[in-house]
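Participant: Work out the full structure: start from the sequences and follow the hints.
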Amino acid sequence: MKQMRIDPRLNRYGNRTSIFGRIWSTPTLLVGTFMFAVLVLLAVFIPFISPYQPSEQNLSAFLQPPSAKHWMGTDQLGRDLFTRLIYAARTDLKIMVLAEIIPFCTGLFLGMVAGYYGKWLDTVITLLTDTFIAFPFYLIVIIVAFASGAGERGIYITFILVGWIVFARVTRGLTASFRQQEWVASAQTLGLPGIRIILRHILPNVLPQAIVVLMTDMVGLLVAIVTLGYLGIGITPPTPDWGTMISDGQSFITTAWWLSAVPGFAVVYTGIALSLVGDGLADLWRKK
Amino acid sequence: MELALQVKNVSVHYGGFTALDDISLDLQQHKVLGLVGESGSGKSTLARVIAGLITPDGGEITLNSQPLLKKRSRAQRKQIQMIFQNPDASLNPKHSVRQILSEALLFHRIVDRAQVEKRCKELLAKVHIEESGLDRFPHEFSGGQRQRIAIARALSVEPSLLIADEPTSALDVSVQRSVLELFGKLKEELNLTMLFISHDLGVIHEISDTVAVMRQGRLVELNPKDRFFANPESEYSLELLSAVPRMPKPSTPGGLTT
Amino acid sequence: MSYNIILEVEDLSLETKQHHRLVNRVSFALGKGETIGLVGESGSGKSLTLRAILGLLPRGVEKVDGTIKSDERTAMVFQDPRGALDPLCPVVKQLSEVVRFRQQVSKKAAREIALELLERLGLPDSLKTADRYPSQLSGGQCQRVVIAIALACKPSILLCDEPTTALDVTVQKQIIETISALQKELGFAMVFVTHNLAVAAAMCSKLCVMKNGEIVEQGDTLDLLQNPQDPYTQMLINSVLPVPELEGSERIWN
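Chains as they are written, first to last, in the working numbering: chain A, 1 to 288; chain B, 289 to 546; chain C, 547 to 800.
Since the hints were derived computationally from the structure, they do not count as laboratory data. Given the structure is predicted, the values throughout are model-derived calculations rather than measurements. Be careful, since some hints might not be right.
As the list claims (entries may be wrong) - Simulated coverage check for chain B against chain A, where a stretch passes if three residues somewhere in it have a Cβ under 8 Å from a Cβ of chain A:
hint: 1; stretch: 300-310
hint: 2; stretch: 334-341
hint: 3; stretch: 369-377
hint: 4; stretch: 436-443
Unchecked claim - Here are the simulated lysine-lysine pairs, DSSO-like style, with alpha carbons at most 30 Å apart:
hint: 5; chain 1: C; residue 1: K730; chain 2: B; residue 2: K537
hint: 6; chain 1: B; residue 1: K473; chain 2: C; residue 2: K757
hint: 7; chain 1: C; residue 1: K752; chain 2: C; residue 2: K578
Every residue gets a Cβ at the ideal spot worked out from N, C-alpha and C, and that includes glycine.
Facilitator: Following this line, the structure appears as structure tokens:
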């Protein structure tokens, strides 16, 4: 009997097989990544770009409008707004990323375990997610902030407590549907243990969707960080943060509106960038 | 004749619904048992019970005179492998053919790590797929080819019993024929015992030595192939056989090769 | 033999938006009361041809060449009967609405006609008294409802897209017998798409064998199956796995 030929037409990307080719044909991903990369690069290289320190006061040059010397003007204490804005990005983006790591992993794992094993494990995990979801996020933050003091730590603790829920819900549903698929059944008949099937077979299949959710969740988290800063129970001054910047600028909204508008715009900019990356990744993986 | 598998009084209930009702049947060593039935007859449930994917509510299953308990050992699981109906869902879309074939080889230490590559190529050759397919992903293959890869994966752990659950039903007729030929060839070469499930009586006729008929969770007939097709025992088998649409008879000799 | 041609497909070509040819220069003619079968494997373009006749091409596929000449009413029967019915509407209501709009009768009269149609299709009487939803019926019963809906349009041409593929053999036999009996009674013509040569042989007087979007051979069913000219037709015939005759049985088909 002759060997079966592999039909080249079945390679559905045509001659754009490479991952780069596929990324190139996903404009949302490109634009989102570019926008986010600009922000990250600025945050990394700000000490070399700006001659000022974020907390460097210059009371003789307070509330100046944008100029060549101060690209975005200065605030009420004469601090350079652009410098503060980018240093604030350092703080906020760092917290945003770090606070997602543990919830992402635990959520993914619990979701897969619940979806794969079902029965009482599923019941317990579902009960847990339903319980946590019943508490408003900000209420928990405020309680934790009072217990552990305001600042970064409160955000991390709160997010470890509640951040995993969204990932657990998504992966549980996906895993339960993969559980019905025949490739899972054949892994079982091959005698592979459950935990190996979860990590080796199911994880690569739920990861794309989970990462897309991660992107949108990060936007939500960023807004939460900024809101807490604005309310005064998040990042504490003098550490620069977009939330505290918005709240500080509020008193001068009629005379120097850019003090609040610029950090507000930064939040919107980051949100759009991450959403575009999320959409783009979803598109990219759908193309398969 | 030696018995490969013995199914004794197996029942499965889902709530009030009886999926399998007191099924008993034996599989002879190196023979193919064809299992026929319409949708909802319980034939796939029986396959999954034997493969250990569903725990039966009652009854026992004996493989090579060793009882299979609720919790099967790795060695016992290896013994029974299964091919599924849907070629689109039977392979993990994120794994390359190399990963698909080597995983169980490595896990069960069937060959040395150094020999894995060679063994994967041998497995592909056995199912007539080019070696170059090793680093490709399931979506790059046609339905028939994916089914062949699934067969190669099942054979990787050197099972003694192969269950095929409608393996050709989703394929085009010409592809179906070649996959069936492959099953026939492998059965000869590897001395496999097979449980072959199909709703297509033509397929069952092609591959089976013995035919079992199921209806609404019960076994209604178990007979050698020739007896079943010529003179079935049960009323229902007769009904099934007479419902099969048949090709017109050739008018001139050599006109049709049916 | 002279007959009135009621459907003529001439040089029909279909392409995707990216100019990928899916159906290439397909031509055939259908006479009054006749049944023509389009047979072939998946991807042969047989279902697309049928959809082109109905005027319901999937998105992204367009007709680039050829003509479809027909002034007759057409109706279609699909492969998946459950998917073709509204799961949230009782079947009798679905049918009587079609009757009402296509035959322009009152609500009450429509229901009468609908029940009569269902009876003719051999559906149980319980439908008359109790509302039944598609999920409460078996696959075969759903397909009967779909056929009833198609017939409510009083078609001269019934387009069938693998109407028995999703059904069990015993049900398949009943549906085929029902369609044949109705055809004798009502005299509609049919275009019957199937991948099953034996079913095609039972239903159709003429066959078109399709491969990769083209008709490779067409002719009278018996002639074509017993004396295939094209190697592809021969291959298809050879791929049909035979089921031996029962001992002492009469031929049941044909």
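Participant: Could you run down the list of hints and mark each one as holding or not?
Facilitator: Hints and how they fare:
Restraint check on the stretch 300-310 of chain B versus chain A: 0 residues with Cβ-Cβ distances below 8 Å, three needed, restraint violated. Interface restraint, the stretch 334-341 of chain B with chain A: holds (4 residues with C-beta to C-beta distance below 8 Å; minimum three). Figure legend: the stretch 369-377 of chain B, annotated as covered by chain A; annotation consistent (6 residues with Cβ-Cβ distances under 8 Å, at least 3 required). Counting residues of the stretch 436-443 of chain B whose beta carbon lies closer than 8 Å to any beta carbon of chain A gives 4, which meets the minimum of three for the stated coverage.
Between K730(C) and K537(B) the alpha-carbon distance is near 24 Å, which keeps this suggested pair within the 30 Å criterion. For the hint linking K473(B) to K757(C), the alpha-carbon distance of about 29 Å falls within 30 Å, and the restraint holds. With a CA separation close to 13 Å, the supplied pair K752(C) and K578(C) stays within the 30 Å bound.
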